[in-house]
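Asker: What follows is the residue order along each chain.
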Amino acid sequence: MKKAKLAGLAAGISFMALGSAQAVEIEYWQYVFDTRVQAMDQLIANFEAANPDITVKHVTFPYADYQTRVVAAKVAGQGPDVVQLFYGWLDNFVAGQLIQPLDPAVFPHEEIESEFFPIVSAMKRGEDYYGLPTAVRSLALFYNKALFEEAGLDPDNPPQTLDELLAAAEATVKRDGAGNITSVGIAMGMAAQDHHWWREGLIRQFGGQPYSDDGRTVTYNDEAGIAATTWQADLYRTHIVTQIAFMDEPQAAFRAGMAAMSIDGTFRLGAFDSIESFEWGVTELPANDEGMRSNYASYFANAIGAGASGEELAAAEKFLAYVSSPEAMEIWLAVVGELPARQEVALTEENLADPIYGPFLKGLEYAHTTQFVDEAAQRQVAIDMEARMSIQGQEPAAALAEAAAQEQAILDAFYSR
Amino acid sequence: MSSVTGTGPAVEARLWDRFTIRQKRVMWAWAFLAVPIVFYVGIRFYPTFQAFWLSFTNWDLLRPAQFIGIANYQRMFADPQFWQVFRNTFAYLIIGAPVSLVISFVVAYYLDRVRFMHGFIRALYFLPFLTTAAAMAWVWRWFYQPVPIGMINGLLANFGLPSQPFLRSTEQALPAIMVTAIWAGLGFQIIIFIAGLRAIPSTFYEAARIDGLGDWAILRKITLPLLKPTTVFLVVFSSIGFLRIFDQVYNMTTNDPGGPLNSTKPLVLMIYQTAFSSYQMGYAAAQTVVLFTILLVVSLMQLWVLREQK
Amino acid sequence: MTAATVSSELAANGRNIRPGRVITWTLLLIGGLIMVTPLLYMFSTSLKTAGQVYDLRLIPAAPTLDNYIRVVSDGRFLRWFLNSTFVALAVTVSNVFFDSLVGYTLAKFEFRGRYFVFLAILSTLMIPTEMLVIPWYLMSSQLGWIDSYWGIMFPGMMTAFGTFLMKQFFEGVPNDFLEAARVDGLNEFTIWWKIAMPMVTPAISALAIFTFLGNWTAFFWPLIVTTSRELYTLPVGLSSFAVEQSIQWEMIMTGAALATIPTLLVFLLLQRYIVRGVMLAGLKG
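Protein chains in written order, with my numbering: chain Y, 132 to 548; chain F, 120 to 429; chain V, 320 to 604.
Just chain Y, same shape as in the assembly (with noise of 0.2 angstroms):
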């Protein structure tokens, strides 16, 4: 008896806890990454701040279980009110009914087209957008000035072109006496970045075109592409200025300091930056003899769930826009590091100066935006080609091949759905 009067004791005290603040909770979801988990930490206090009726759930997943952890959660029908997906999952999250479509009467079409980058628009689809992103990312070169010097390189100066940094590599890579690399010329791996450096960036510096402009068909596997993925194999087959999985990811080996270049994007920032025990620096991903430079640029969006509905899809509503805003946009620069969405926020003056932004900011303007069907997989068919070349010593030719007709397969099988 008593302890049931107590239960409902405590269960009123409770209920009128919540009575009282009248809070609507809403729930964000979002995978892990240090700095990107701070600076939502750092929106949320700020947001809750200025709207005390509302109250945001930070929810993380690892990365590599994120979607499922999404699907998992409509499934089971409690799914979250905002969440963050990346660009390439649209058609999933879609077809899934993960997500529902923004509102226009709140978030404008031409406000959004004409204040953010276009590459915003890979989060249209019909009529509507699915979603808005923060901030947008690119490639850069990260190279090691401590290594550049040692190896008489000068630190102010990185490669500029493909030829430069192949010069630079071998200059920089380091190897004992039995002949093993003990520090690589560059870091590399189509696991991390390298797939987009490689499909969005050397396969158009090499005359090529990745896929077609409708994105069903893959177009690489041509004279263009096989001289690309050639030239970018070849840093590990013929010149052996990198070895993959060396200290097992490319970052890895960047911030001990035992990879003199690594291509990297944005996102790295943050966790670069508590390097201290050599001075690294930033530059465009290399031009080709043209000087035709490409690059890769993706973002994630955020978006409002299936599940949220009234009040609580207005509180929704207006977290998504403070996510969006220009002031959130400045937070997430100085936390994460990733360059803002909003063209008056990153293009100013200052950024474009800045010796690190600056180099990102420029490789948004000849970015270009893969449209996956299946992101996993499709870096998987990377993946396997590398493998097959840097393992099983597959000449590039086949290797390519053999990719394309994988990643065709994985495009038919979504686009025949």
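It is worth saying that the hints were derived from the structure and are not from the lab. Among the hints, erroneous ones may be present.
Result set (DSSO-like, lysine-lysine): computed pairs, CA atoms no more than 27 angstroms apart in a straight line [unchecked claim]:
| id | chain 1 | residue 1 | chain 2 | residue 2 |
| --- | --- | --- | --- | --- |
| 1 | V | Lys427 | F | Lys143 |
| 2 | Y | Lys493 | Y | Lys276 |
| 3 | Y | Lys276 | Y | Lys255 |
| 4 | F | Lys143 | V | Lys513 |
| 5 | Y | Lys493 | Y | Lys255 |
| 6 | V | Lys427 | V | Lys513 |
Using the hints, position chains F and V against chain Y.
Answerer: For chains F and V alone, coordinates are given in the frame of chain Y:
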């Protein structure tokens, strides 16, 4: 543990007293079994049938399941990746189980005769069994790295030997992962073998000595035959363990799960990916049916073979 | 420890020393040391700074507990540790209770259908967990068990292995004791709990050790059924932690060490019981 209806203690007692002692005991028995029967039916048998049923559907988490006949099985048997995974799974079993059993028997056989620091040495072998596979997989992953951070390659370099790619090789990766599973299971098998050895009455040995048999003959004619129940148990136990390997592979190949080029992917990882990365629950269920069949056939075959040898 | 001292020890034991024995002993010891090498390196690296990780000496030049402080201070590991402990304990208690009860009933009661029930339970040994995972997942999502302690625990609340083990042991309990208790007017539940159970304590401890260890290290099902980090068990938490650390080996080794230390400590305290328990389970099981 009061029983039947509650019209009052007196009525209840009278009703209960009408049963014979034997009947009462039967009722007790079923009362004891009631919750467990619900559990086994609801959590074991029903899901088993459901798994079979799902394997004939296209259920993908988001849309309701539809019956599609044997399409999942057709797709699976036509998929080269499935056959690669099938071969991998058997590679874990066919190399892993015998190697671990032979090593553990040899260690147990000699360790059983050691008195000096017996407990200490036994503990050394047993400790890995108490570790968490998911944690130790990362330790081993670090061991297998190329120079300059890899422990093993560092050692090889010290001896002037060429460094090995280990996890970055389609040939070496599977054995490299298997070693970690053997390592973790060895202590358990050694303890069981020692227990089995000690259960053999010493009179057998004394009789054999009187007959003038040497160590080797005693091992062959007495120890091994009498140890058979233990061996059967361990063969089945470790075979099932190797056929179900997952934790190590999952954690040692997070960058390219089951790679490189699927060369380390066991059936359970394929099931996990199909079900929980691609949400193809029906297709994954068909794969679990195959796993079930393999386990059943392998266990029955081993029991049969080892019985026949008598 | 040199061979000479070993020999003298053996001599002191009054055994005949043959060089073969010394070699065997030495080889066994070396093998044992190789077995614990990964553990030693794990601990050693967890005491190193990021810069020292590439120094492959076993004894760290300047050991530091900084990594442990960093890993423990954010509280996640403690939470995962408590989750694992709670889940493993609850499942163990359930198994000790139900497996014993069923094992006892099947061993000591005469009734029609006994053999059928026994075979039915035993047959579940043939069903791999992996096959049940998808239906369990479906069931859990329909019943709202995803991401809950009960969701992690429910598949293992009873096991056929434990039931079989306990049945074997209860068969060895003499009926006279039970009959005497019946004559004294004890009810069947009390007889089982007060009379029979204390007579099989070695088996109970064996079952408890196995169940606890199995659930403490379980990875596959907790990985599937948990979604929020607060509910991860230690192995699942460690795995996600390791991925998050983007290959900072000293941090990963610290996490792995934290996951390993509890079981090693328990083993050091209860070594005799654990080894005996494993032997018992192996022989009867």
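Asker: Enumerate the violated hints, using their earlier numbering and listing them in ascending order.
Answerer: 3
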